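Asker: Taken in sequence, the protein lines are chains A and B. Under my numbering, the first residue of the first sequence carries the number 1, and numbering increases by one thereafter. Under my numbering, the first residue of the second sequence carries the number 1, and numbering increases by one thereafter.
Mixed in with the good hints, there may be bad ones.
DSSO-like cross-link-like pairs, simulated, lysine-lysine; straight-line CA separation at most 30 Å [unchecked claim]:
hint, chain 1, residue 1, chain 2, residue 2
1, B, Lys219, A, Lys231
2, B, Lys21, A, Lys231
3, A, Lys240, A, Lys128
Here chain B is said to cover these stretches of chain A; the calculated rule only asks that three of the stretch's residues, wherever they fall, bring their Cβ under 8 Å from a Cβ of chain B [said to hold, decoys possible]:
hint, stretch
4, 15 to 22
5, 85 to 99
6, 275 to 284
7, 299 to 309
8, 312 to 319
Read the hints as simulated data drawn from the structure, not as lab findings. Bear in mind the structure is a predicted one, so any value in this text is a computation, not a measurement. For glycine and all other residues, C-beta sits at the position ideal for the given N, C-alpha and C.
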Amino acid sequence: MKLSTYIAKRTFYIIFSMVGLSILVFVLARVLPGDPARMAAGERAPQWVVEQLRTQLRLDKPIYEQYFYWLSNVFHGDLGYSVVTKRSVSIDILEYLPASMELIILAATFQIAGTLILGAIAGQFSFKWPDNVIRISAYVGISIPAFVLGIILQLVFSWWLGLFPTQGVLSPGLERPPLVTGMTTLDSLIAGKFDVFLNVLWHMILPATALCMGCMMQDARILRSGMVENKDKDYILMAKAQGIPERRIMFAHLFKPSIIPAVTVMGLDAAALLANAFLVEIVYYWPGFSRFGITVMLNKDLNAIVALVLVIGIIYAVANIVVDVAVAYLDPRIRLLEKGE
Amino acid sequence: MRIGGELGIRRISSRFDLKRKWHRFSRSPLSILGLVIAVGSIVLAVGAPYVAPYPKHAGLFTNLFEAFQPSSALHPFGTDEMGRDVLSRTIFGFQYSLTMAAVVLGLVVPPGVITGLIAGYYRGSWIDTAIMRIADVFIAVPPLVLALCIAAVLTPSLFNAMMAVSLMWWPWYTRLTYNTASSLRNEYFVQASEVIGASSFHIAFKEILPNCLGSILTKVTLDVGWVILLGSALSFVGLGAQPPTPDLGTMVAEGSKNLPQFWWISIFPAVAISIIILGFNLLGDGIRDMFVEEAK
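Same shape as in the complex, but just chain A (with noise of 0.2 Å):
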């Protein structure tokens, strides 16, 4: 199969998936009890306002009539009207999710990078005490969840050692650069101004940090395993015999066959980061889609609801999608067969 194929394979099946997904918490929403519009016009309001509200939000009709006409406006790129912010709820991600992301790609580098080294030392030193070491905190790492390591993080590192700020994205004193692509490091670095970027970062190391963690330490036990594995294969042995350098074995022969499998569980690690980051962005106060989220969830905003799964699913198939490019890349016995040899 070739790699045009795949995505144009991969993609109608996101679409397909989404609107199965979208029909999911649709009909949910409507068929359990509560009057979404007696919830957007609030408690007191009068019921001639509510009756207003049913009408122009269509929620008189029919609930496939709904959904389709919702679907259809969808396809125009109108996920909506949000009845907790009083505008549409594009907008609205557009504004908080940049913010979010920002948190999960350096998570996702603090993770990939935290996974090569410690997963490398405790394959290279296999059994031994850095392996020990690296495997009794791995089982510690996978069981905290992110939202407890966070608030661990922040009570010691900012609350009683003062190493970091404890909440938000800048210190007090700074101002936010110009909005450009909504993500605060990028702003700063196209308004150049270094100094906000570093500080930015620096507000970002420990919710990143509690964000990665259990996916870091899981990826690095499965690398670990994975050259355990491959350091009893032939070709090891016939490299050794050849007089190949240790080293040149090592990340050469070793290590890139035993990154394959941990690459491919990355896939399902997306999934671990970006619900995470919910839980983690309350902790530390970051104006990220779980401020957005959980407002509109507590408010029973269905429009929001919706929008917030689909948009969050489809960062999560795109990221699948990366995974599945990188493994194929990454592992010479799939191009083989996309090439039919």
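Model the placement of chain B on the given structure of chain A, informed by the hints.
Answerer: The following block gives chain B in isolation, referenced to the frame of chain A:
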């Protein structure tokens, strides 16, 4: 009819086999630690009214004279803003967490396994496609996000949080069972039963299912930890159990309002969540090793 057994393909359980399994399991001290934590937390949960030093503090109890006390002999984990003993509430929290795991897995495993078995048995047919595509829809979004959304459209409560988690958890069992079942579909012992005219029901449940049990059991054990994690995350956000319920996630959320000065209110329940998850993770790994070595 034990056709597979006669061909020596399927192992027949015996006392000797159990003994050997236990030997494999107990070889790793980490597995034993996991077992101890898991059993310990269950015992604490069941005996909470007897074990907890102040059982009354689990609910609406106020004693403002004793509020915000740090760790002491009377209150090893300190007291919270209402003067309630954090240790007692944490022990009761185990009850809620484990109940959640038991209810969710009880609701999720049977339908997940059965749909996976059916899809695997009818591999390649439209039944397979239909079941697996529906399962894919649920898997298309991170579990926590979907659970949050479902919990959001329901009224926030512990019961609804369980329903929300259950609704998005079954496809993982469908997938797991499907993978094993569809690979076993063309094994000789399955073909042999087919040839002698065994019913589809017999083949699916008596021939294929027993061979999936190892991986299902491993996943169930690991999932106890993940369901507890998900439940506490829902409570932490405010979409699960509501205060004054001594749910661990709710306690962490409530307690974190008093950081950093009164850190013990949130940190002890937070550590308790991590320890339960750790215990079931270690136990799950032990069980996996037990079955994986067998397969070799």
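Asker: The structure should be examined with respect to each hint, and the outcome stated for every one.
Answerer: Verification of the hints:
1. Annotation: proposed proximity of B/Lys219 to A/Lys231 holds, straight-line Cα distance about 29 Å (limit 30 Å).
2. In summary, the hint linking B/Lys21 to A/Lys231 is supported, as the alpha carbons are separated by about 28 Å, within the 30 Å threshold.
3. This hinted pair checks out: A/Lys240 and A/Lys128 have alpha carbons roughly 21 Å apart, not beyond 30 Å.
4. Check result for the stretch 15 to 22 of chain A against chain B: holds, 5 residues qualifying (beta carbon to beta carbon below 8 Å, three or more required).
5. Beta-carbon proximity to chain B at under 8 Å applies to 0 residues in the stretch 85 to 99 of chain A; the threshold of 3 is not reached and the given coverage is violated.
6. Three residues within the 8 Å Cβ limit are the bar, and the stretch 275 to 284 of chain A against chain B gives 6, so the coverage statement holds.
7. Note: the stretch 299 to 309 of chain A has 5 residues with beta-carbon separation from chain B under 8 Å; the three-residue rule is met and the coverage holds.
8. Here's how the stretch 312 to 319 of chain A fares: 4 of its residues keep a CB closer than 8 Å to some CB of chain B, so the rule of at least three is met and the hint holds.
In summary, the one numbered hint that this structure violates is 5.
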